Amino acid sequence: MLRYFLMRLGSAIPTLFIIVTIAFFLTRAAPGGPFDQEQTLPPEIMANLQAAYGLDQPILVQYGHYLGALLHGDFGPSFKYKDFTVTELIGQGFPVTLQLGAIALALALGAGIPAGTLAALRRHAAADYATMSLAVVGIAIPSFVVLPFLGLLFGIYLHWLPVAGWEPGSLRHLVLPVIALALPPLSVIARLVRASMLEVLGSHFIRTAFAKGLPLRTVILRHALRPALLPVAGYLAPAVASIMTGSLVVESIAGLPGIGRYLVQGALNRDYTLVLGMVILYSTLLIVMGLLVDLLYAWLDPRVALGR
Amino acid sequence: MNARFHDFAHRLRANPGALFALAIIVALTALTVFGPRINPNGIETLDWLHMAAAPSLQSAHWFGTDRLGRDLYARTLEGARVSLSIGLVASAVSLLIGIGYGAVAGYVGGRTDHLMMRIIEILSGLPLIFFVIFLTVIFGRNESLLFFSIGAVGWLTMARIVRGQTLSIRRREFIEAAIASGAGTGRIIFKHVIPNVIGPVIVYATLTVPQIMMFESFLSFLGLGIQEPRASLGSLIADGAGEMEAAPWILLIPGGFLAALLLCLNIVGDGLRDALDAKES
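Residue numbers (our numbering), protein chains in the order written: chain P, 12 to 319; chain W, 6 to 286.
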């Protein structure tokens, strides 16, 4: 197990390194720079600014410095948010984004798995059709449509929940964004669980379990659920990607102070270090997630050959 | 092939939901094409006397106007037409790339297949959407780049499906007959493999249309896709989300349009796939 984990870790690091390198050189290849403004700066000031941020050095030297700092967890100074380092900006916003995303993922799993199981057990009955119809809606309609619609209904017309805004520790402000974020992965999970549960329920060992006289509850929880969850484990990394992408728009609609806005704004402002930091952060999260999924897979299905 | 097609058509007819959704798509598409002709308002015309006016059949603005006084009927239909055409064109592009790539990988097999699939695995493991956002912004927001980046996302799944289909037929007699009669690899792929996998593959492709439309409207929502004064459903929804308290129709009309289109396209795609795959039903 440990050897397998180390091997996967060993292949994750080069991937990350390639991503950092491509991202670094792409930002530098782009036309325009972080100090372009309406008024052109006098050349001396421009030269000073460039020198202060190390932009006057050869690009390979800049790349070396960047990598060196990165190894110490330093993403460098932000070019546009003066007096802030990228690490500080991300540090301020990330807890909000993480909280939002973690709750959304928990909801997607916590509601999607039971919903899919129920649909499989009540195949071709009303509960099945209702769940699967809702799942189509959840998959088809993007979160940037769902969230404003929910805000209009529950915020503006019914006054149950705040439409937008953020207070530290207030869960009320997170309800609508979390629902909007969780809905697409929740629907996919419900579908996956339904399909794989149907397959598992048709297999011999489940028939044996029933034949032994085990109650339905035990058969599902002790025998059927674990193999039926394999496709869900495979979907976890895409689910996290979907939630991260969704939070780019959801945070801006709901006015949450997360890090979602930095990616688009940073790129528009040519804030090299900020964009790089965001891309690296998101890539690392995804790669770590992929690693965890592999381990989870091995735990759920011992047939998955470890160390292969 | 013919008998299979009959089965397929029969199972599709037995699915009233999918047929109903198809009818709605046809109606909405017709509306986006012919609708603008029965309304005098242009998409950029500003009506200073009616800014953020509510929808009304009595006035000239059936769906109301936005905060600059632009007619929402004209803009929503324009946006829907843009979104639909991007969805269709980009799906066609990803279909072409996917068929070529998948058929070669599946038919040639061996080390080539292994390498080609490994590339797909790596590409789909990358947080592609962030790179797309990143590229769109850095290399300017032009529409050809938009098509390119959307197509780049779409073809990966397509190639996997085509490869799977190709693997299932590559040992069949007609392929062996073609090899025996001296046909080259290229000829076999184009004349024998692709024509025989294309049916099921096109069915799967119908599900990429709504995915691509969703992606396009997502980019336009962020302000990275279609630019003002042109409209896409995504950019209209972004406008509307900012005004929803005072003028909810600016959000509800394009949002409802996008929701209806995506929902119906998904239902049709699911219906086609289920009709093809008898095991499911």
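Just so you know, the hints here were simulated from the structure itself, not pulled from any lab data. Fair warning: this is a prediction, and the values are worked out from it, not measured in the lab. Hints are supplied without guarantee of correctness; some may be wrong.
Which bits of chain P does chain W cover? Going by a derived footprint, with three or more residues having C-beta under 8 angstroms, they are [said to hold, decoys possible]:
| hint | region |
| --- | --- |
| 1 | 145-157 |
| 2 | 274-282 |
| 3 | 287-297 |
If you anchor each label on the Cβ, the simulated ranges turn out as follows [to be verified]:
| hint | chain 1 | residue 1 | chain 2 | residue 2 | range |
| --- | --- | --- | --- | --- | --- |
| 4 | P | G176 | W | H11 | 53 to 63 angstroms |
| 5 | P | R237 | W | R72 | 46 to 56 angstroms |
| 6 | W | A251 | P | R237 | 48 to 58 angstroms |
Even glycine gets a Cβ: it sits at the ideal position worked out from N, Cα and C.
Original post:
Do the Cβ positions of A251(W) and R237(P) conform to the proposed distance bound of 48 to 58 angstroms?
Top reply: holds, 52 angstroms
**OP:** Indicate whether the distance between the beta carbons of G176(P) and H11(W) respects the range 53 to 63 angstroms.
**Re:** holds, 58 angstroms
Original post:
Are there three or more residues in the region 287-297 of chain P whose C-beta lies within less than 8 angstroms of some C-beta in chain W?
Top reply: With 5 residues close enough to chain W, the hint holds.
Subject >> Cβ separation of R237(P) and R72(W), checked against the hinted range 46 to 56 angstroms >> reply: Since R237(P) and R72(W) have Cβ atoms about 55 angstroms apart, the given range 46 to 56 angstroms holds.
Original post:
Do three or more residues from the region 274-282 of chain P put their C-beta atoms closer than 8 angstroms to C-beta atoms of chain W?
Top reply: holds (count 5)
Subject >> Whether chain W covers the region 145-157 of chain P (at least 3 residues having a Cβ closer than 8 angstroms to its Cβ atoms) >> reply: Coverage by chain W holds here, the residue count being 8 at a Cβ distance below 8 angstroms.
In summary, this structure violates none of the numbered hints.
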